[in-house]
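Residue strings, one per chain:
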Amino acid sequence: MVAVAAPRQLPRLFQHKKSLIFAAIVVAWLVLWLVFRNVGTLALGAADLTPLHRWINGVNDAVGASRNSNPVFLYFFNEIRLVIDEFVTFIQALIAQPSFGRPVPVIGWLGVVAIAGFVSLAVAGWRVALLTVAGFVFLGLQGLWQESMDTLSLTLAAVVISLLAGIPLGIWAGLSDRANRVLTPVLDFMQTMPTFVYLAPLTLFFLIGPASATIATLIYAAPPAIRITAHAIRSVPRNTVEASESLGATRNQTLVKVLLPSARKTIVLGVNQTIMAALAMVTIAALIDAPGLGKTVVKALQTLDVGTAFNAGLAIVVLAIVLDRVTTAAAGERRKLPRWALFGGLGVTGVCVYLSHTYLWAAEFQSDVEIGSSINKGATAVTEWAQDSLPVLTGGFKDFVTFALINPLQALLAESPWFLVALVVVALSFMVGGVRSAIVSAVCIALLIATGLWQDSMITLASTLVATILVMLLGIVVGVWMGRSRRADRFIRPVLDAAQVMPAFVYLVPFLALFSASRFTAIIAAVVFAAPVAIKIIADGIRAVSPATVEASTALGSSSWQTIVKVQLPMARGALTLAANQGLIYVLSMVVVGGLVGAGALGYDVVAGFSQGQLYGKGLAAGLAIVVLGVMLDRLTQAAAKRWTN
Amino acid sequence: MDPVISVRDLWKVFGPNASQLVASDELKALSRQELMDRTGAVAAVRGVDFDVAPGEMFVVMGLSGSGKSTLVRCLTRLVEPTAGTIVFEGENILDADAKRLRDLRRNKFSMVFQHFGLLPHRTVADNVGYGLEIRGVPRAKRGERSQEVIDLVGLSGYEKSYPDQLSGGMQQRVGLARALAGDPDVLFFDEPFSALDPLIRRDMQSEVIRLHREVGKTMVFITHDLSEALKLGDRILIMRDGKVVQVGTGDELVGAPADDYVRDFVRDVPKSHVLTLKWIMRPPRPDDELDGPELSPETVVREAVRSVLGADKPVKVVRDGELLGVVADEEILGVVAGEA
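Quick note, the sequences are listed as chains A and B, same order. Residue numbering for the first sequence follows UniProt numbering, starting at 1 and increasing by one per position. Residue numbering for the second sequence follows UniProt numbering, starting at 1 and increasing by one per position.
Hints may be right or wrong, so weigh each one.
[Said to hold, decoys possible] Straight-line C-alpha distance at most 30 Å; calculated BS3-like pairs for lysine-lysine:
no.: 1; chain 1: A; residue 1: K642; chain 2: A; residue 2: K18
no.: 2; chain 1: B; residue 1: K28; chain 2: B; residue 2: K243
no.: 3; chain 1: A; residue 1: K17; chain 2: A; residue 2: K377
no.: 4; chain 1: A; residue 1: K336; chain 2: A; residue 2: K257
no.: 5; chain 1: A; residue 1: K265; chain 2: A; residue 2: K336
no.: 6; chain 1: A; residue 1: K377; chain 2: A; residue 2: K265
no.: 7; chain 1: A; residue 1: K257; chain 2: B; residue 2: K99
no.: 8; chain 1: B; residue 1: K160; chain 2: A; residue 2: K257
no.: 9; chain 1: A; residue 1: K336; chain 2: B; residue 2: K141
no.: 10; chain 1: B; residue 1: K231; chain 2: B; residue 2: K243
no.: 11; chain 1: A; residue 1: K295; chain 2: A; residue 2: K377
no.: 12; chain 1: B; residue 1: K108; chain 2: A; residue 2: K257
no.: 13; chain 1: B; residue 1: K231; chain 2: B; residue 2: K278
no.: 14; chain 1: B; residue 1: K278; chain 2: B; residue 2: K108
no.: 15; chain 1: B; residue 1: K141; chain 2: A; residue 2: K257
no.: 16; chain 1: A; residue 1: K17; chain 2: A; residue 2: K642
no.: 17; chain 1: A; residue 1: K377; chain 2: A; residue 2: K299
no.: 18; chain 1: B; residue 1: K160; chain 2: B; residue 2: K141
no.: 19; chain 1: B; residue 1: K231; chain 2: B; residue 2: K160
no.: 20; chain 1: A; residue 1: K336; chain 2: B; residue 2: K160
no.: 21; chain 1: B; residue 1: K160; chain 2: A; residue 2: K265
Derived by calculation from the structure, the hints in this document are not laboratory data.
Pulled out of the complex, with its shape left as it was, chain A reads as follows (with noise of 0.2 Å):
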């Protein structure tokens, strides 16, 4: 018994020696921090470059000037520029921008609404294509209808290209071992990679304008069509393609006949999300010159116009909303429309189609209710009227926040000297992951001081961590309450589905209002955009814990609560770390987006490199510390989920 007993003692003495060095640790920091404060924090000024930006800086000058010259560009770069720009401008031309010599697109509003309304019919029912037919209508009652067109038309080009490319790539994923290994490492570094960080990088290559806007779209769209395409196929039961191979199918009839068809709904539901990510990525691929509804938010938001922020923020929910619903029907039950239906409609569509074309009535959208301009308004009176009568309770909350955790975290982290943080960062590694994280975190601090960035680093990581911690603990909660009640589930759950389907931007503006721009207002947009996924994940693994040991631990007459703390929480560790894990890279994708509202820092670095010339260089060195600390907290993350699933 003793020979037994011994070595299972053996695991949680050491567990319980882990959180008395992880205290010390700490303590260590904290009492170094005092006598070391505002030592050696490689600060930087909002101005100042260092070396590596000036060279960065040159790099650009030597391209621009280079491009029209060197063969890489001229035949390879240049050559893909101009095809994606031919392919964009092509759409454009047809339904965004005055075009071919004439004053307006080539289809008019009523054509494009009547297209719209058609095969929202076709693929998705009548109800839908009401939707579809109100919302576009709406969008020009806005006053945005060629904004709209814009976006619409960048978000096509790159579906298109996306699923080109992504449904191939994913079927063959899908039957091939081999290609899904190949293919799944590089999905998820284009996944897991803050979207805004590559935009910079694209225009040294493909300079500003649609062409770059594409490719940052298809490098952060095609990823899902892939992956569930690889998935549908791979679901197909296998007894069902064994029948089919046991009567004699060829490879090739089997994935015609029996995988593609069975994979079909799922295989929609890919082309769904790589929509939704392209119309997500398309708005802030304004940030790099990306005409459409996203620049209108940005030129708003840089105004700090929450009024007309509001208005094009709502044509993007708008626009969102139309896809979504029209994508999520076409995955539902196959419809077959009446024949009588199917050719009136194409009646009707031609017929607004060749009206569109020739009046400029049915051409231009010109509205007598124009009711872009009230929404504006109300927006705007909104928000003062929440800045002046709400400070008491929306103050309240941001002081405390502020106060209580983002300024003594980010005191902390940035005023201590940056050997120490290295340091409390290694050790910290190494007792969650051993001598392999450890490495991999002392690498990710080399080359955040490399970028010349520390201190903004720091900055942003205190406010990385503080949104993560909120994440999570709304993840806990939420995601336990609907982890345990099936109807908390039905009720949110659509609510979450709608919530990650927007854009980025969106979350800001009604922050903005309420907040002003502040590290704050940053910091809870980030959380608002990262919760959906951290609750929808820790509910999942709430709901997969096993009925039969939720059941013992009440028969043997556990509280509710003890269930939850005892049972239900320490079985699902699996999914609260990963919902960390998660939680943390969607909230340091929206550093970025958070530089837009004050957040400061690597955001604003990033920001400013878009605009100013001479920052480009900081600009990209800051998108690099941004990927660089969101490779450090992946690997840590996972490396602790590891440590604590086993």
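Could you slot chain B onto chain A? The hints should help.
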């Protein structure tokens, strides 16, 4: 008559270097567990031999993990055998190339699966016609043939339904119709009724017996259910740990189990339903009166009870006029009472 299928020394080993493992007599002699411990490989099918006669209903029975499903998949090479020969109508199908194998699957054999393996996006008629479609049979002809087999399995009126609108039993009828549509020489059944509830299972068993009688195809039927095996099988092969334990008719298994494993298995079988008189008759004793009624040695005990108990003299068991033995009250009661 030549067997339709003749299997010799068939091996299937899952794991690294499987083909080298079966080349070694030493490793082949190991038990499954020992092989697993020594090499990490799993021997699912180990040196199986058997023949299936034309028109026969051949049942392979074993518990889960006995290798029976792997065995039937080896026969059509849905699972690639590691070693051995499978001669089908004079041709070793292990030598067939991909194209020939497809031809065989399209024309010569077809399979009915435990979980049906229907295509959810196709109607019943299109599911049944799927095999014909991939062979390139024109649509009109396909519809005609599908309708024939749909009628044959009793699904008339459901042609336009989708699989998820049908009960499990009906879905399996679709699976059966699909297998029959190509008019194959051999039908393989992989535990086709295990997923069905007991009443439906009984219906489907009768259905298969009826079809076997009507279309006269050779059938290989996999099951883990002994009563199903005894009900359907002309002959039964019992598998354990990938090996053949015994092959024989139902009454042979019950009357003369090859080892304790089989004896244990058949212990609860109602013997009077399976055993025939030849298994319980005894040699006539001098004091027997031999002018009683006569019965054939193949008469099942259950059917002989009334005649034997009703006669006041022992019943003679006679084949072609030759007296093989006698059965009296005590033999009959021994079987019937033994079941209580």
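| Is the hinted pair K377(A) and K299(A) satisfied, with a Cα-Cα distance of at most 30 Å? | Answer holds: K377(A) to K299(A) is near 17 Å, not above 30 Å.
| field | Pairwise hint evaluation, K257(A) against K160(B), where the allowed Cα distance is 30 Å at most | value | Holds, at roughly 18 Å.
| If you draw a straight line from the CA of K160(B) to the CA of K265(A), is it 30 Å or shorter? | Roughly 21 Å separates the two Cα atoms, so the pair holds.
| query | Between K257(A) and K99(B), is the straight-line Cα distance small enough, at 30 Å or below? | reply | Roughly 19 Å separates the two Cα atoms, so the pair holds.
| request: Given the hint that K231(B) pairs with K160(B), test it: the Cα-Cα distance must not exceed 30 Å. | output: violated, 33 Å
| query | Regarding the pair K377(A) and K265(A), is the alpha-carbon distance no greater than 30 Å? | reply | Status violated; Cα separation ~43 Å.
| K231(B) and K278(B): Cα distance at most 30 Å? | Since the Cα atoms of K231(B) and K278(B) sit roughly 19 Å apart, the hinted pair holds (cutoff 30 Å).
| message | Just to be careful, I want the Cα atoms of K141(B) and K257(A) compared with a cutoff of 30 Å; is the pair within it? | response | holds, 19 Å
| query | Given the hinted pair K642(A) and K18(A), is their alpha-carbon gap at most 30 Å? | reply | Distance of about 17 Å is within 30 Å: holds.
| message | Between the alpha carbons of K336(A) and K257(A), is the straight-line distance 30 Å or under? | response | Measuring from Cα to Cα gives roughly 20 Å; hence the hint holds.
| said: Checking one constraint from the list: CA of K17(A) to CA of K642(A), max 30 Å. Satisfied? | reply: holds, 20 Å
| request: With a cut-off of 30 Å on the C-alpha distance, tell me whether K295(A) and K377(A) pass. | output: Since the Cα atoms of K295(A) and K377(A) sit roughly 20 Å apart, the hinted pair holds (cutoff 30 Å).
Against the hints set out earlier in the document, violations occur for numbers 3, 6, 14, 19.
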